[in-house]
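Visitor: Spelled out from the first residue to the last, the chains are:
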Amino acid sequence: MLVDSPPEARAQTVAAPPDRRVIRAAGLLVSVLVLACVAVASLVIGAKDLSLAQVWHGLFADSGSYGDVVVGERLSRTVLGLLAGAALGLSGAVLQALTRNPLADPGLLGINAGASAAVVTAVTFLGVTSLSGYVWFAFLGAAAVGALVWFLGGSRGATPVRLALAGTAISAALYGYLQAVMITDQAALGTMRFWTVGSLSSADSGTIVQVLPFFAVGTVLALALARPLNALEMGDDTARALGAHLTRTRALAMLAATVLCGAATAACGPIVFVGLMVPHVVRSFTGPDLRWILPYATVLSPVLLLGADVLGRIVARPSELQVGIVTAVLGGPVFIHLVRRRRTAQL
Amino acid sequence: MKNPAAKTPARTGRVLRTPGGLSVRVDGRTVTVVVLLLVAALAASVVLIGTGDFPIPAGDVLRTLFGAGEPGQEFIVRELRLPRVLVGLLVGASLGLGGALFQAISRNPLGSPDVLGLGQGATAGALIMIVLFSGSAAQVTFGALVGGLVTGFGIYVLAWKRGVHGYRLVLVGIGVSAIVTAVNGYLMTRADIVDASRAVVWMTGSLDGRDWDQVWPLLVLCVLLVPLCLANARGLRMTEMGDDVSYALGVRVERVRMLLLVAAVLLVAAATAAAGPVGFVALTAPQLARRLTRAPGPNLLPSLCMGAALLVTADWLSQRVFGAGRLPVGVVTGVLGGLYLLWLLVTERKAGRI
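Here the protein sequences line up with chains A and B, keeping their order.
With the UniProt record's numbering applied, the first sequence corresponds to residues 1 to 347, in that order.
With the UniProt record's numbering applied, the second sequence corresponds to residues 1 to 354, in that order.
The hints are simulated quantities; they were obtained by calculation from the structure and are not laboratory data.
Model, not experiment: these values are computed from the prediction.
Each hint should be verified, as a subset may be incorrect.
Covered by chain A, per the in silico footprint, the following chain B stretches (three or more residues, Cβ under 8 Å) [as the list claims (entries may be wrong)]: (1) 104 to 115; (2) 165 to 175; (3) 180 to 187; (4) 201 to 208; (5) 327 to 338.
Away from chain B, derived, C-beta distances all over 12 Å, residues of chain A [said to hold, decoys possible]: (6) Val69; (7) Val70; (8) Arg227.
Built from N, CA and C at the ideal position, the CB exists for glycine as well.
Next comes chain A alone, as it looks inside the complex:
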C-alpha cells in the first residue's frame, strides 16, 4: 500500500498524521473500554446470572458465599480468555505479516493439530495428567508442526494456497493419529474429546500462573517486531535495503507466534479463526501499519474470544457451547467470504 501510493497521496499521509494518530489512539481507547464491558459481561452472564453488586462483592469482599465462589470461577475463566484471546490474535497478525498471507491462522496452519497430537501422546503414552506437563508438550508439537509447515509450504516464496494446503494436510495426518489413539484408549478419548474442541471452562488460577510467563514473553516479542515486520511486508529486497535483518526477523516472528499459540492451545485447547478474523477487521480501519495492527489485535481479539464464550453460555443455557465451536462457526463464513472476495490471482 505505502510503496504503491502516488506521490500526492504520500504527501497527504505525511501532512495528515497528527489527526489520524489521534483518531487511532482514541479508537484504541474505545476498544479497551469495549473489552472492559465484555469482561464484565463474562463475569455477570452464565448459567446463573449475577447482579453487578454481587460481582463487586465477589471481587473485592470475598466472603466465601455462593455468589462469591461463582465470581471466582468466572474470574479465572475471564482472565484466561483475555490472555488466550490476545495471544491468538497477536500470533495470527504476526503470521499474516510474516507469510504476507491474508489467510494465515495458527489453526489453519496446523499448529493446533500439532499441539493436540503432542498432548494426546503425553496423556496416553507418558501418563502426563497435569497442565504443567501439557504445556511443554503442546509447545513441542506446535513448534514442530510450525517448522514443518514453514518448510513444506513456502520457505521460498510462500503462497497462501501452499501454506494452507500444507497445514491442512499435516493436520489431517495428525488427526488420523489422534483417532487411532482414541480408538484404542478409552481414557484418552474421554479426555481428548473435550480438550480438542477448545474451551475456557477448565481454567483455574494455577493454569493461569503456569502459562502467564509464556504469554508475557510472546507478547513483548511480537510487539517489538512490529517495525521490522513492517519492512518485511514490502518485499525482501526493499526490507533488506531498509536495513531489516530478514532471517532474524523471520525466525523471531515464527518463535513469537509459536510461543503465543502454543501457550493458548495448551491452556484452552485448539481454537481456530480468532487469529484469522481479528487482524482482518483491524486492518480495515488501521491500514497496513503493524505498529497499530498489533496493539489493536491484542485488545480486540479477547473481545471476540470472550464474546464468543459469553455467547456460548447464552445459546446453550443452562449448559454451554465451548468457545472453540462458537469461534469456528462464526469464523468459517468470514474465511469463505475472504476467499470469495479476493481475485484468484492474489491467492
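Given the coordinates of chain A, work out where chain B should sit on it, guided by the hints.
Guide: Below, chain B alone, put in the same frame as chain A:
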C-alpha cells in the same frame, strides 16, 4: 500444475478407428497397469476372504466362490467375508475415482475429498444419527449420505462465482471443513462415552460387520456413475489446458465440470456412508496411479482400480498386523497416507508444482 508428461517422450499409443470416423487412442502402458491392478485387487480379495479367526486356503476360497466348496466354508465365505470384501472393493473404487475427479477439477494434487471436508460432512451426518438419535446402522448410513451430499452441494455453491475455479474450490472446502469439524467436536462432547466410542470407530473408517445390505446400493451407484464419468473423461482432460482453450476445442467446460463434480460427490458420499471416511485413499490412489501409468490427464480408470486394490490390501494389513477386529482399516490408510502425503508435499515442492 505443470504438465508431468513434459519429461517423458510423447507416446502416441495405438489408435482404434471405426468405419464411422470415430477414433479412440489406446495407451498400452495404461491398459497394462489397469489389468495388473485389477488382478492385484482380486488376488488381495481372495487372500482377505481367507484371512481371519478361521483361516481358509486360497484354493478353497476360489472353489467356494465358484460354488463347489464345503457347506461350512460356504457360509463363512458367502455370508460373512464376501460382502465385506465387496464393500471394500467398491468403496476403494469409488474413493479412487472420486479422488481423481476432484483432483482433476481442482487442478491440485491435494484437492481430495478429505481435504475439502466431504468426509467431515458425512461424519457430521453420521454423528447426528449416532449421538442425537442413537440410530441403527442403516440410519447412520443414511445420515452420512445426506451429510456428504449437503456438504458437497454447499461447497460447490459457495465456491461458485462465474464458474468454479480450482483454488477457490480448495480454499472454500478448507473453510467449510473447519466449520463442520467444530460441529462434530460439539456432537462428540454431547455424547456419552459408549456412543463416543462407536462414533470414533465410525469416524476412522471400518469394514467390520459389513453385509449385503451395504453392497447393493453401492454397486448400483457404481454401475450408473462409473460409465458416466469415463465417458466424460475426454472433456475433463481438455479442461486441463485451461478454460478458454477447451471452449475453443468444443468442450462445454462448466457443464462437464458440474456433471463430474456431482458424480464425484455422490461416489464419495456413498462410499463414506458405507465404510466411514476412510482417510487418504481418495488422495493417494490417483497420485499412485498417475505415477504408474506415466500418462497425463485424469487417469480415471487406473485410479479406480488403484483405490480398490489399496483399500483391500490395507484391510488385509490391518487384520494381519493388529489382529482381526482390533483396529479398523482407516488407521492403516491414515498412517500410510500421512507418510505418503508428507513425501508428496516435499517432492511437489521441489518440483515447484503446488
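Visitor: Check each numbered hint against the structure and report the violated ones by number, ascending.
Guide: The structure breaks none of the hints.
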